[in-house]
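K.L.:
Here are the chains, one letter per residue:
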Amino acid sequence: MRSLNYANGFEARTCITSSLILTLSVYSFRIDVALLVIALTLVASPRKTLRFLSITLPFTIPFVLAAFLLGGVRKIPTVFALICVGSLLIGIQPERFGYALMYFRIPPRFAYSISIAVRMFHVLVEDTRRIVELLRTEKLGRFEFVSRLLKSLSAIAVLRAISMAEVLYSRGIDLDRRVIVCERPKLRDYALLLSSISILLYTCLTRSGL
Amino acid sequence: MIYLDDVWYEYPNGVLGLKGVSLRIEGSSFVGGSTGSGKSTLLRTFNGLIPKFYGGKMRGTVRVEGKVFFIGQNAEEQIITSRVYDEMALPLLHGGYGIEEVDKRVKDVARSCGMEDLLEMETSKLSDGQKQLVVIATALASGSDILALDEPFANLHPDLAKRLIRLISKRTVVMAEHRLEYSEFFEEVIWMEDGRVSEPKDPPELECVRGKPGEVVVRVKDVTFGYDRPLFEGLSLEVRRGEIVAVVGRNGVGKTTLLKLIAGIYRPWDGEISVKGRVGISLAFPNYHLFEKEVRRETKMLEVFGLESLASRHPHSLSFGEAKRVAIAKAFERDVVLLDEPTAGQDSEFKARLLRVSRELGRAVVVATHDLEFAECCDEIVKLR
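Protein chains in written order, with our numbering: chain A, 1 to 210; chain B, 211 to 595.
Please note: incorrect hints may appear among the correct ones.
With a straight-line cut-off of 30 Å between C-alpha atoms, the simulated DSS-like cross-links for lysine-lysine are [stated by the list, open to error]:
#, chain 1, residue 1, chain 2, residue 2
1, B, Lys411, B, Lys372
2, B, Lys262, B, Lys277
3, A, Lys139, B, Lys262
4, A, Lys139, B, Lys510
5, B, Lys277, A, Lys139
6, A, Lys139, B, Lys411
No wet-lab data here; the hints were simulated from the structure.
Same shape as in the complex, but just chain A:
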């Protein structure tokens, strides 16, 4: 296995492994661990983490309010830590994600399915943006705007799925073929992995009172 010429960012296998390790740590529901995880992700990829946190605000704000009103304030850092861990995975290119899954011996068809689904999500986000741009030029009422957006988007989603299948077929992409192409881990990848392992060890050792 050798590397292809990939763009900047953490290597996919490192991201997946670190995310799993950090998620395990976060599920100790300890504030200190959650804060450590948040700090690590902010240091590792500050822009991406902050962006993901801002995107998820419509969900986190009601949660925080509910936690204050109904109890569970101590869970708040845990939720934010999980979102930060998610941001490590969000930025991975879908293809790299698929290759990394295959490296971990996940069946190729399953890995491709996940990779294609993630890719389709990106495509549909782009489609949504373009349809919204077009609909804004038409001065529609709110109801009609949403109705037209949903109609367009559902039709486009079906078309995209069909065309993706057609292209995969046309290019002879064998979904049962294991293709492993991964980037060589860099120093920052090792640093992320070691930091994640350290947090897990800290969680386990301090919990067991050692």
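The hints should help you fit chain B onto chain A, whose structure is shown.
P.N.:
Chain B in isolation, oriented as in the chain A frame:
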């Protein structure tokens, strides 16, 4: 080598796509014919998309020696990965090539296509023309024995298209295209008509109908705009009622962006844009504009554009060319019409109708195009650099 003997094909909806086609293709072949003549259907039989993927009934013999790489009409739908490099590498990786070989091939092809600067780009950030270029480069890099290309140059600047044709015509390639000027680069010309192979015909010359421009309805004054860097600075343009203005220029120069600025989708960094009346826009990917259950509910302009036969069809069951026509007809319901590559996938008959309708309805039309023949028939040509 591709060999077809008495091939008949009926689509699942009962439409006969091919009617007894017999062919033998070796080397490079150009497939001409009007819209709906069966060019795309023919190409799809080469790699089994028809009938395996599309269904329907097929009889006759199709024998293909070698692996076929098929490119459809709509570049937007042909890209499957998120980065240009990965797009070009994917078929090679699945073809069993080693990493060094993949890397070398991808870079060699990118160099020969003049697109090295695109390799690291995200595919979603590419212009329509750049997407088409990436798809063709992927085909070239793929190592496939046969290339089947369905109007691959509709969104490309003619100079770039000719450069790519020189590259592909050295292989076994079958290319369906409306622009006959490209046929001279191919060893053989196949002409399709109503699902059959027929004698090559010269299409009617595009008749340029001149209009009588009225008041100014679109005024672009000293506009500066760009994305990461300015695309144009101090751009000025006026479009009058009843006038057709063609915007031309190489790929990625900002033709579509200019249309979006006039439509009000983007706001200029500097300068002013004023538009009198309602704006109708038709982008290169027509399906963004179609959302009803039947074509007749999309637009009242079907008759004007001769699209009555599509009235009862679902808009998303249409071919790329047909969907484009409907999207264009829909844009013509407005006073100011902005069309992005309206002649892509269209025969000369439709181009002539488009010019005629624009004149008859007296719309102010701005067309972003690479079709220089069509641009010549417009009242003004704005060349972006």
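K.L.:
Tell me if the straight-line CA distance from Lys139(A) to Lys510(B) falls inside 30 Å.
P.N.:
holds, 20 Å
K.L.:
Would you mind confirming whether the straight-line C-alpha gap from Lys262(B) to Lys277(B) stays at or under 30 Å?
P.N.:
Given that 30 Å is the threshold and the Cα spacing comes to 16 Å, the pair holds.
K.L.:
Take the C-alpha atoms of Lys411(B) and Lys372(B), compute the straight-line distance between them, and say whether it is at most 30 Å.
P.N.:
holds, 22 Å
K.L.:
Between Lys139(A) and Lys411(B), does the CA-CA distance stay at or below 30 Å?
P.N.:
Given pair Lys139(A), Lys411(B) is violated - Cα atoms ~47 Å apart, limit 30 Å.
K.L.:
Just to be careful, I want the Cα atoms of Lys139(A) and Lys262(B) compared with a cutoff of 30 Å; is the pair within it?
P.N.:
Not OK: Lys139(A) and Lys262(B) at ~44 Å, beyond 30 Å, violated.
K.L.:
With a cut-off of 30 Å on the C-alpha distance, tell me whether Lys277(B) and Lys139(A) pass.
P.N.:
violated, 50 Å
Violated hints, in rising order: 3, 5, 6; the structure is consistent with all others.
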